[in-house]
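Visitor: Chains C and B are the protein sequences, given in the same order. Positions 0 to 301 (numbering that gives the first Met the number 0) are the ones given, in order, by the first sequence. Positions 0 to 291 (numbering that gives the first Met the number 0) are the ones given, in order, by the second sequence.
The set of hints was computed from the structure by calculation and includes no laboratory data. Incorrect hints may have been included.
To be verified - Simulated crosslink set (DSBU-like; lysine-lysine; CA at most 35 Å straight-line): (1) C:21 x B:130; (2) B:224 x C:187; (3) C:18 x B:261; (4) B:224 x C:173; (5) B:263 x C:166; (6) C:23 x B:137; (7) B:15 x C:173; (8) B:253 x C:166; (9) C:21 x B:137; (10) B:261 x C:173; (11) B:261 x B:205; (12) C:9 x B:66; (13) C:173 x B:253; (14) B:205 x C:23; (15) B:111 x B:151; (16) B:15 x B:253; (17) C:18 x B:205; (18) C:9 x C:23; (19) B:149 x C:173; (20) B:165 x B:253; (21) C:21 x B:128; (22) B:109 x B:127; (23) C:23 x B:109; (24) C:9 x B:111; (25) B:111 x C:166; (26) B:261 x C:9; (27) C:21 x B:109; (28) C:187 x B:128; (29) C:173 x B:151; (30) B:261 x C:187; (31) B:205 x C:187; (32) C:9 x B:149; (33) C:9 x B:15; (34) B:66 x B:165; (35) C:18 x B:137.
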Amino acid sequence: MFICTHSVMKMKLRYELFKLCKSKVLIALFTLCVSLYCILCVCAQPDLSEYTFDPKLYKMYAEKYSGKFTQQTLEEMNSELEQLTQQSQQPLENKAFTAEEYIKADNKRIAAQQKANALGAVIERYQQLKGGSRLVYDLEINAYHTGWLRKLGLLLCLALITVITLKITLDDHKCGMEQILFTTAAGKCKLLCAKLFIAALLAFITAVLFGCAELLLLSRWDLGDTSAPLQSFRGFETGVLTASMQTALYLSFVLKVLLFAAYSAALMLFSRLTRSDIAAVCITLVLASIVYYLLAAAMLIC
Amino acid sequence: MPLEFHCLCKSYGTNKALQNFTISLDNGIYALLGPNGAGKSTLINILAGLLDATSGHITYGGEDTLKMGERFRSLIGFMPQYPGFYPDFTARQLMVYIARLKGLSQSDAKQKSAELLGEVNLSDCADKKIKSFSGGMKQRLGLAQALIGKPKILILDEPTAGLDPKERVRFRNLISRLSQQMTVIFCTHIVSDIETIASQVLLLKKGELIAQGSVGELTQALVGKVWELSLSDSETEQFLTNDPCSSLVNKGGKPCVRCVCKTKPHKSATPCEPCLEDVYMHTFGDENEIKI
Numbered sequence: 000m001f002i003c004t005h006s007v008m009k010m011k012l013r014y015e016l017f018k019l020c021k022s023k024v025l026i027a028l029f030t031l032c033v034s035l036y037c038i039l040c041v042c043a044q045p046d047l048s049e050y051t052f053d054p055k056l057y058k059m060y061a062e063k064y065s066g067k068f069t070q071q072t073l074e075e076m077n078s079e080l081e082q083l084t085q086q087s088q089q090p091l092e093n094k095a096f097t098a099e100e101y102i103k104a105d106n107k108r109i110a111a112q113q114k115a116n117a118l119g120a121v122i123e124r125y126q127q128l129k130g131g132s133r134l135v136y137d138l139e140i141n142a143y144h145t146g147w148l149r150k151l152g153l154l155l156c157l158a159l160i161t162v163i164t165l166k167i168t169l170d171d172h173k174c175g176m177e178q179i180l181f182t183t184a185a186g187k188c189k190l191l192c193a194k195l196f197i198a199a200l201l202a203f204i205t206a207v208l209f210g211c212a213e214l215l216l217l218s219r220w221d222l223g224d225t226s227a228p229l230q231s232f233r234g235f236e237t238g239v240l241t242a243s244m245q246t247a248l249y250l251s252f253v254l255k256v257l258l259f260a261a262y263s264a265a266l267m268l269f270s271r272l273t274r275s276d277i278a279a280v281c282i283t284l285v286l287a288s289i290v291y292y293l294l295a296a297a298m299l300i301c
Numbered sequence: 000m001p002l003e004f005h006c007l008c009k010s011y012g013t014n015k016a017l018q019n020f021t022i023s024l025d026n027g028i029y030a031l032l033g034p035n036g037a038g039k040s041t042l043i044n045i046l047a048g049l050l051d052a053t054s055g056h057i058t059y060g061g062e063d064t065l066k067m068g069e070r071f072r073s074l075i076g077f078m079p080q081y082p083g084f085y086p087d088f089t090a091r092q093l094m095v096y097i098a099r100l101k102g103l104s105q106s107d108a109k110q111k112s113a114e115l116l117g118e119v120n121l122s123d124c125a126d127k128k129i130k131s132f133s134g135g136m137k138q139r140l141g142l143a144q145a146l147i148g149k150p151k152i153l154i155l156d157e158p159t160a161g162l163d164p165k166e167r168v169r170f171r172n173l174i175s176r177l178s179q180q181m182t183v184i185f186c187t188h189i190v191s192d193i194e195t196i197a198s199q200v201l202l203l204k205k206g207e208l209i210a211q212g213s214v215g216e217l218t219q220a221l222v223g224k225v226w227e228l229s230l231s232d233s234e235t236e237q238f239l240t241n242d243p244c245s246s247l248v249n250k251g252g253k254p255c256v257r258c259v260c261k262t263k264p265h266k267s268a269t270p271c272e273p274c275l276e277d278v279y280m281h282t283f284g285d286e287n288e289i290k291i
């Protein structure tokens, strides 16, 4: 009886999902990882300790002086900075204040100092963009300071994809079903293609779930004007990609998802060759690291 | 349609697992008999498509089985030596899964699965998880899945290992009934199974087919050469040491030695009817065996 590849794919997908759902440990692990990451994404606070300014004040000045660099704008900003600096350095000791007046004056001085810090950072940024893109509020200030969480998401996603792929690839071999399955009409070739497709599909879905959680994380914070060109954002000033930050975010999401699917396919290939979980994971991680550094080097050059 | 092996060879490095295996098989039951490492499992795995031959080919109805591909696979049913199954599947779920991979529709798969589980006496356990099955139950399930799709060639590797005598009789009856419509090839160490049902026995040694024939033909060659003798304990020990092809049997509560020899080996020896086990011991018992 002839059995087409499409039917084999459908059947294999159904039964592989059925098998995966039967594995309580895997289900629990998957649910735990995704839930944990989503909860952390909702609760996480960015680490802004490196900044000496208030992000809200930074945003206020970035919006006030938004636009492309001009000498006139720079002079205006420097003038305002000078005024704020004078206000913050005004001595209070020689003046006759009541306690209440003293507190008010001191608070004014502190507020002026904070504004001066924020404006100083904006001026510094403005000068960096000199001749380049326009000044906008930068998502780097807020949203990207949860880097530890995004790395955790990457690791969790990678770990889950590894477990799922190895389960799909090696399960038949470990329990002794391969001999029976490969002698059916479907045959070795169609069954392996079906497994590859399923592993890549499940990796894709897992990566999408984690990617959506990351977007949820980023959307909690002020991303600034993401319709601005990519070159307006820190680290991308000399980037060659002609797109808005929003497009770049979506593109990086798609790229990440595709890379995870490719990782899953490579892992499946090596696990079939080595017939060993550990060897396959080691080889694939080494390759993934090489690809990662090559990509990073390519991005640096671009 | 005849299943033909043409000079089939398989080497693992310098080790020749199969050498110039050539034979033509029709419908019937063919038993592969030989010691460990004779090439039985290698032959079976090549036939099932799990291994590639180093040289030679197999044809079915004159057509190369490799070129037939899926068409040939749809004609075979394979039961491996130690069948492993998904532990969290029920017997019914597994049968339906394999039936679907063999190209049956959902409804046919369910119907055939129920029928075959009944044939192997697993109907009561059809909805129990396979991890709760005993070894014998797994063997029966292995046989049932091999029979899905009414294969024309049934390949069984140690099919009765782990079965109790009642189940072995049931298995023999089932295979005997089916063999009229298909070619059954099975390898086993249980000589009594072969004696009961095999129409042809193929003796394999170090990858070569050294003899073939019905049980009667093979044992006929040893007529007048099989002896039984009662000896003292020390004489028995010495006899067994000197002739590794001999065996110790229990006759009426008394131990006695059974051996194959052209001439009467001892004054107390009495001739007896040869059986397949004598053929096995004589052929594979020792490297310096006496040729028939």
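Visitor: Verify the proposed pairing of residue 21 of chain C with residue 109 of chain B, using a straight-line Cα cut of 35 Å.
Guide: holds (21 Å)
Visitor: Is the straight-line distance between the alpha-carbon of residue 109 of chain B and that of residue 127 of chain B 35 Å or less?
Guide: holds (16 Å)
Visitor: For residue 224 of chain B and residue 187 of chain C, compute the direct alpha-carbon distance and say whether it is at most 35 Å.
Guide: violated (50 Å)
Visitor: Quick one, are residue 261 of chain B and residue 173 of chain C close enough, alpha carbons at most 35 Å?
Guide: violated (50 Å)
Visitor: Keeping to a limit of 35 Å between CA atoms, is the pair of residue 15 of chain B and residue 173 of chain C held or broken?
Guide: Holds - the C-alpha atoms of residue 173 of chain C and residue 15 of chain B are around 28 Å apart, at most 35 Å.
Visitor: For the pair supplied as a hint, residue 261 of chain B and residue 9 of chain C, confirm whether the alpha-carbon distance does not exceed 35 Å.
Guide: violated (65 Å)
Visitor: Holds or violated: residue 263 of chain B and residue 166 of chain C, Cα atoms, limit 35 Å.
Guide: The hint is violated at about 63 Å.
Visitor: Between the alpha carbons of residue 18 of chain C and residue 261 of chain B, is the straight-line distance 35 Å or under?
Guide: Violated: residue 18 of chain C and residue 261 of chain B sit about 61 Å apart, past 35 Å.
Visitor: Can you confirm whether the C-alpha distance between residue 15 of chain B and residue 253 of chain B stays at or below 35 Å?
Guide: violated (43 Å)
Visitor: Is residue 21 of chain C within 35 Å of residue 137 of chain B, Cα to Cα?
Guide: holds (20 Å)
Visitor: Given the hinted pair residue 261 of chain B and residue 187 of chain C, is their alpha-carbon gap at most 35 Å?
Guide: violated (52 Å)
Visitor: Are the Cα positions of residue 23 of chain C and residue 109 of chain B separated by 35 Å at most?
Guide: Holds, at roughly 27 Å.
Taken one by one, the earlier hints fail for this structure at numbers 2, 3, 4, 5, 8, 10, 13, 14, 16, 17, 26, 30, 33, 34, listed in ascending order.
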